[in-house]
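Given these sequences and hints, build the entire structure.
For the record, the sequence lines run as chains H and R. If you count the first sequence from 1, position 56 lands on 55 in numbering that gives the first Met the number 0, and the numbers rise without skipping. If you count the second sequence from 1, position 38 lands on 37 in numbering that gives the first Met the number 0, and the numbers rise without skipping.
Accuracy of the hints is not assured; some may be wrong.
Below 30 Å or equal to it, Euclidean Cα-Cα: the simulated BS3-like pairs (lysine-lysine) are [what the hints assert, rightly or not]:
1. R:72 x R:120
2. H:44 x R:260
3. R:120 x R:301
4. R:299 x H:11
5. R:232 x R:120
6. H:44 x H:25
7. R:232 x H:35
8. R:41 x R:232
9. R:61 x R:4
10. H:25 x R:260
11. R:299 x R:1
12. R:260 x R:219
13. R:120 x R:219
14. R:117 x R:72
15. R:232 x R:219
16. R:260 x H:35
17. H:35 x R:219
18. H:44 x R:219
19. H:20 x R:219
20. R:232 x H:44
21. R:136 x R:120
22. R:61 x R:174
23. R:232 x R:61
24. R:61 x R:260
25. H:11 x H:44
26. H:35 x H:20
27. R:219 x R:41
For the record, the hints were derived by calculation from the structure and aren't laboratory data. These numbers were taken from a predicted model, which means no experiment stands behind them.
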Amino acid sequence: METYYNPADLAKFGSIGEFDKELADKFFTYYGDVFKEGALTAREKSLIALAVAHAIQCPYCIDAYTQDTLEKGCNEEQLMEAVHVAAAIRGGASLVHGVQMMNHAKKVLM
Amino acid sequence: MKSLKAAGHPFSVSTRQLAHLHAGNSDQFSRRLAEIGLSPLKPTQIEIFQINVGKMCNQTCKHCHVDAGPDRKEIMTRETLTQCLEILATHAIPVVDITGGAPEMNPHFRWFVEEAHKLGKHIIDRCNLTILLANPKYHDLPQFLAAHQVEVVSSLPHYTAMRTDRQRGDGVFEKSIRAMQMLNEAGYGQENSGLELNLVYNPTGAILPGPQGELEEDFKRHLYQEHGIRFNKLYVITNMPISRFLDFLVVSGNYEAYMQKLIDAFNPSAAMGVMCRNTLSIGWDGALYDCDFNQMLDIKIKDAPAHLDDFDLDALSQRNIQVDQHCYGCTAGLGSSCGGQVV
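Here it is, written out as structure tokens:
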């Protein structure tokens with residue numbers, strides 16, 4: 000069955016260099032540097048990546064960073080808490096616009 | 000849960016496992032070693048005499064590379080253990096590493112430990128923890144082990160009950176906690192006691208383990224804060240794609256991805272430090288192997304007599320170590336050995 004997303008495509012990410020090697024190389028170098036141990040640990044960065052993956056709903060990233068966080072020693076509870084952080088921000092982003100709605104409603108209503 | 004052997008599973012036959020590991024896999028391990036100048040793989044110095052005293056165990060863990068369990072009856076005899084002692088008495092091999100199954104279930108275990116201790120050897124007992132509670136006759140094992148300065152190395156795949164029980168069986172975590180408390184009470188893991196309690200972490204699934212240092216911090220924090228337990232070191236071990244773990248990989252649809260992950264993570268530095276270079280593995284029947292994994296795949300030593308009957312340390316020190324596709328498990332990432340990560 001054809002689908003827009005194929006799990007096997009994740010392993011082919013590096014092949015984007017076929018059409019533009021220079022930019023791909025720059026991206027992957029940058030990507031590698033971002034995830035290096037720094038002021039944040041590699042484990043913290045991986046959990047952030049997992050949360051962001053859920054916020055942007057990237058199925059490749061969800062698979063990749065579920066595996067990566069587990070391999071970095073995180074447990075299921077920590078993974079789910081990261082997902083809830085993403086959900087809270089996404090939900091909050093909608094709800095905070097409620098203030099805009101209220102502002103407008105209060106302006107136009109008697 | 001039955002062992003693969005008792006269930007008549009195809010993977011209870013080592014040649015079927017090897018055939019699976021070879022099928023569709025052109026990236027030969029031996030070729031990777033050759034590329035980094037390590038083929039043929041040679042021993043450095045034989046320092047560890049690792050004796051598998053039997054496949055009998057009170058547990059049936061889902062990842063067990065030995066396919067051990069209560070239904071396994073293979074057990075090392077006193078005669079074979081005597082042969083081991085004779086060799087240890089006449090050769091400068093400092094470490095005796097006793098594994099199984101549950102080694103303590105061998106009826107000659109205590110006698111063997113006493114004799115090896117008299118020889119001045121450093122003794123390691125690969126204890127599954129729950130054996131201490133399995134029968135009143137084992138309850139005083141912590142004191143016995145302490146009296147003979149035995150290093151205890153115990154599997155605890157996770158500091159949560161859910162992850163541990165999923166791999167090792169319902170209720171194993173709770174019993175393991177009690178057993179570690181018994182070991183602590185006997186002095187194990189306590190500062191300046193000289194009695195080492197080291198734990199073994201291996202992932203509870205088709206994932207590679209993380210860095211040993213970080214995991215050790217997690218384990219120490221959780222086990223002390225939640226259960227008051229102290230231990231010395233955490234040895235991080237990668238699951239080998241053989242026996243029951245191979246079956247799990249195949250049944251769960253993770254086999255191809257896991258093997259590829261091991262292959263992609265091949266680390267030349269880890270290959271330099273693999274344990275088969277300083278370890279000799281002895282089977283319950285006295286046969287000799289390069290490691291416990293080769294033993295379970297029935298890949299015997301070549302280029303030297305492969306039984307205790309004709310033990311020849313010089314020939315063993317010159318032999319070519321037998322490698323196959325499962326060896327990628329020891330060379331992935333930070334490496335893996337019975338003493339944890341090697342890089």
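Margin query: Would the hint linking residue 61 (chain R) and residue 260 (chain R) be met if the CA-CA limit is 30 Å?
Written below: Cα-Cα ~21 Å, so holds.
Check: Given the hinted pair residue 41 (chain R) and residue 232 (chain R), is their alpha-carbon gap at most 30 Å?
Finding: OK: residue 41 (chain R) and residue 232 (chain R) at ~29 Å, within 30 Å.
Next item on the list: Quickly compare the C-alpha distance for residue 61 (chain R) and residue 4 (chain R) to 30 Å and report which way the hint goes.
Entry: holds (14 Å)
Notebook entry, point to check: Is residue 44 (chain H) within 30 Å of residue 219 (chain R), Cα to Cα?
Noted result: holds (23 Å)
Check: Would the pair residue 44 (chain H) and residue 25 (chain H) pass a check requiring their Cα atoms to be no farther apart than 30 Å?
Finding: holds (20 Å)
Note to self: Hinted pair, alpha-carbon criterion (30 Å max): residue 117 (chain R), residue 72 (chain R). Please report holds or violated.
What the structure shows: holds (29 Å)
Next item on the list: Assess, step by step, whether the Cα of residue 120 (chain R) is no farther than 30 Å from the Cα of residue 219 (chain R), and give holds or violated.
Entry: holds (29 Å)
Note to self: Between the alpha carbons of residue 299 (chain R) and residue 1 (chain R), is the straight-line distance 30 Å or under?
What the structure shows: holds (26 Å)
Checklist line | 30 Å limit on alpha-carbon distance, applied to hinted pair residue 232 (chain R) and residue 44 (chain H) | finding: Given pair residue 232 (chain R), residue 44 (chain H) holds - Cα atoms ~26 Å apart, limit 30 Å.
Note to self: Against the 30 Å threshold, does the CA-CA distance of residue 219 (chain R) and residue 41 (chain R) hold or violate the hint?
What the structure shows: violated (37 Å)
Check: Holds or violated: residue 20 (chain H) with residue 219 (chain R), Cα cutoff 30 Å?
Finding: Cα-Cα ~46 Å, so violated.
Checklist line | Hint consistency between residue 232 (chain R) and residue 219 (chain R) [alpha-carbon to alpha-carbon, up to 30 Å] | finding: OK: residue 232 (chain R) and residue 219 (chain R) at ~9 Å, within 30 Å.
Checked against the numbered hints given earlier, this structure breaks hints 4, 19 and 27; the rest are met.
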